Amino acid sequence: MTLMINIIWALIIGIMRITITNEYCSIFLACLHRKVNLVISYIIGVLYVIAFIIFDSVYVSIVETFIVTYIIILTYEGELFKKIIFSCINVLIWVMAYVGTLFILVNNIISDNDIFFIKEFLIVFLIYIFTIIVKNTFGVEKENLLTWYGVSFFAFFILSIAVWSVMLKQCIGNLGVMTFVTVALFVINVLGYKMFKYISDSYKLEYENVMLKEQQNIYEKQISDNIINDRIVRGLRHDMKRHIRELQTLVERENYDELKEYIHCMSKDATPLYDMAGTGNVAVDGVLDYMYSKAIQENIKVTKKVAIPEGINLKAYDMNIILGNLFENAIENTLKTDEPAIDFVMRYKAGTLYISVSNNCISDQKLQNGQYVSTKQNKEKQHGYGISNIKRCVDKYNGTMQITCKEERFTAEILMFV
Amino acid sequence: MKYIIGICDDESNVREDMSEYIERFFSLGEDKVDIYTWDKAEVMLEDISKGVNLDVLFLDIELPYMDGVAAGHHIRKVIKNKVVQIIYISYKTSYAIRLFNIHPYDFLIKPLTYDMVSEAVSNVLQISSQDRRFYLYKINKIPYKVLVGDILYFESERKHIKLHMTEDKVIEFVGILKNEINNLPEYFIMIGQSYIINSRHIKQFNPEYVIMDNNKELPVSRSYKEEVCLKLLNQSRNS
Chain V
1 MTLMINIIWA LIIGIMRITI TNEYCSIFLA CLHRKVNLVI SYIIGVLYVI AFIIFDSVYV
61 SIVETFIVTY IIILTYEGEL FKKIIFSCIN VLIWVMAYVG TLFILVNNII SDNDIFFIKE
121 FLIVFLIYIF TIIVKNTFGV EKENLLTWYG VSFFAFFILS IAVWSVMLKQ CIGNLGVMTF
181 VTVALFVINV LGYKMFKYIS DSYKLEYENV MLKEQQNIYE KQISDNIIND RIVRGLRHDM
241 KRHIRELQTL VERENYDELK EYIHCMSKDA TPLYDMAGTG NVAVDGVLDY MYSKAIQENI
301 KVTKKVAIPE GINLKAYDMN IILGNLFENA IENTLKTDEP AIDFVMRYKA GTLYISVSNN
361 CISDQKLQNG QYVSTKQNKE KQHGYGISNI KRCVDKYNGT MQITCKEERF TAEILMFV
Chain S
419 MKYIIGICDD ESNVREDMSE YIERFFSLGE DKVDIYTWDK AEVMLEDISK GVNLDVLFLD
479 IELPYMDGVA AGHHIRKVIK NKVVQIIYIS YKTSYAIRLF NIHPYDFLIK PLTYDMVSEA
539 VSNVLQISSQ DRRFYLYKIN KIPYKVLVGD ILYFESERKH IKLHMTEDKV IEFVGILKNE
599 INNLPEYFIM IGQSYIINSR HIKQFNPEYV IMDNNKELPV SRSYKEEVCL KLLNQSRNS
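As you go down the protein sequences, you meet chains V and S in turn.
Per the numbering used here: the first sequence = residues 1 to 418.
Per the numbering used here: the second sequence = residues 419 to 657.
Isolated chain V, as found in the complex:
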């Protein structure tokens, strides 16, 4: 009976170890063949369980961890050297988890045999936590663990260990209760992390949705602008002969006042054509035209100086986030003043792209650690997160961002490498 329970325990721990190892490997490398990986994981899992039952030594466990990680990581894409290094790091994680477990158990004077599996379970528990930390620090899909959700997750973990430690002292001898508490706390922590991931993914998805909706609005605006401009161009072309004849007549009659007035009307008709950003760069033109028209609708005086090559590689998504948020902030900010005005500069030079959006602002505009304190926090569309989203995008281009507020003038400047 005891052997049976031991085997079940070993199986549970084995499955958990293999699953966590796979999660660890996927932090750094991409899985080559899912099926091969699954088969090898099963085989190595069975061997691990057998070794686990037969041997009970720290040194064996270290070698075991290295071999298990190395064989599993072989089914992932990447250089051999890297695979060996990552396997060694996983061994280090195991050692840390082992030391952590000893530290937690040091005050609980009980024989090792009583809580052998619980100890192993605790090691796995700590490995899981360390793997999550590694994943969110070095992984492809990094999460900022220093957010409210991240900190809550760690509070979960620390409280769990504390509760577990107290329970261990109270329930020595009652292996059944201890097993239940250990498993329950582990499950709570796993669910806690999953919930943290779910919330953070949902936020990202929601933000992307907002950006896509904005993108859709930009395209709609661009299409309608193109239609209007096309109509104006057609109209001008259609009337050109008539206009030229009229201009000729006015010149012949030397009626210069009327001639001036006539030319003025003609240029007025063509004005919408020159109001566009017109850089030829699709990633930039759409969002700029959209934001200009938004500002003009609000009666904001906009001056612009844009000189960028039409062919530079900029992503529409990134430009929407950077320019969209900078303009949104500037519009919101400058509307509080009596003379709302925005100056926009975008310039390319020797591989660098300089962007500057500055606006008139009220004198009590707050800056905190060089960051603009948004007045829009937690309102709809997560606009309060604008600056941090811009920052994230700028980082992608190895750029830098500077925000200044001097003499009722608020300026956000960006330098990116493109």
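In short, the hints are calculated from the structure, not lab data.
Mixed in with the good hints there might be a few duds.
What the hints assert, rightly or not - Below, computed lysine-lysine pairings styled on DSS-like, alpha-carbon distance capped at 30 Å:
no., chain 1, residue 1, chain 2, residue 2
1, S, 498, S, 649
2, V, 349, S, 634
3, S, 649, V, 315
4, S, 528, V, 301
Just so we're clear, the structure is a prediction, and the values are computed from it rather than from any experiment.
Starting from the known structure of chain V, fit chain S onto it as the hints suggest.
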């Protein structure tokens, strides 16, 4: 100080207006100006080759026969004049990437106004006056000087400083690089312990390295990266 400014545009009214704007601008200060105007790029290039030493050139992009882009390339690559500050003028607001390889100082969109032209000229003159300052150094206790604008970059080699100048000239003298940055205008940037570069002679900037006008690739130290970026940002604001 006398400046020579050129205008190359096929529209006579643009040439006339700009000449008037430039003359008006200079009439307000102490500096003098000589204005050259051309309606064709070919004639302009011939004059430059013959020795018309322009400080600033307002160059139309859409010119008949040889356009402004080709003319700009000719000035930089064939005549090898890297000093003249080219300001492109055009009705267009979209520019091809090869236009930027000429390193134009600015782009102005027609119709031009006095404010646009005077601002551009004023900025270029400011740069030009900065570049005409001297950098002083000593070899065997004998003082020498070079124009700041002609310095590409400083390189540190043990106790010596190598001054890399335009036209592939290298001057070597004893000194400590770190101390030199304080004697230089703010557009000189220290990109590591071994290099101080003149940001106006950068051909291509990457986060990890810079390519200078003489095609030399210089590494940007990781610890200097943030400071370099901030300096470049300030440079971009003022240029």
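Original post:
Taking each numbered hint in turn, which are not upheld by the structure, reported in ascending numerical order?
Top reply: none
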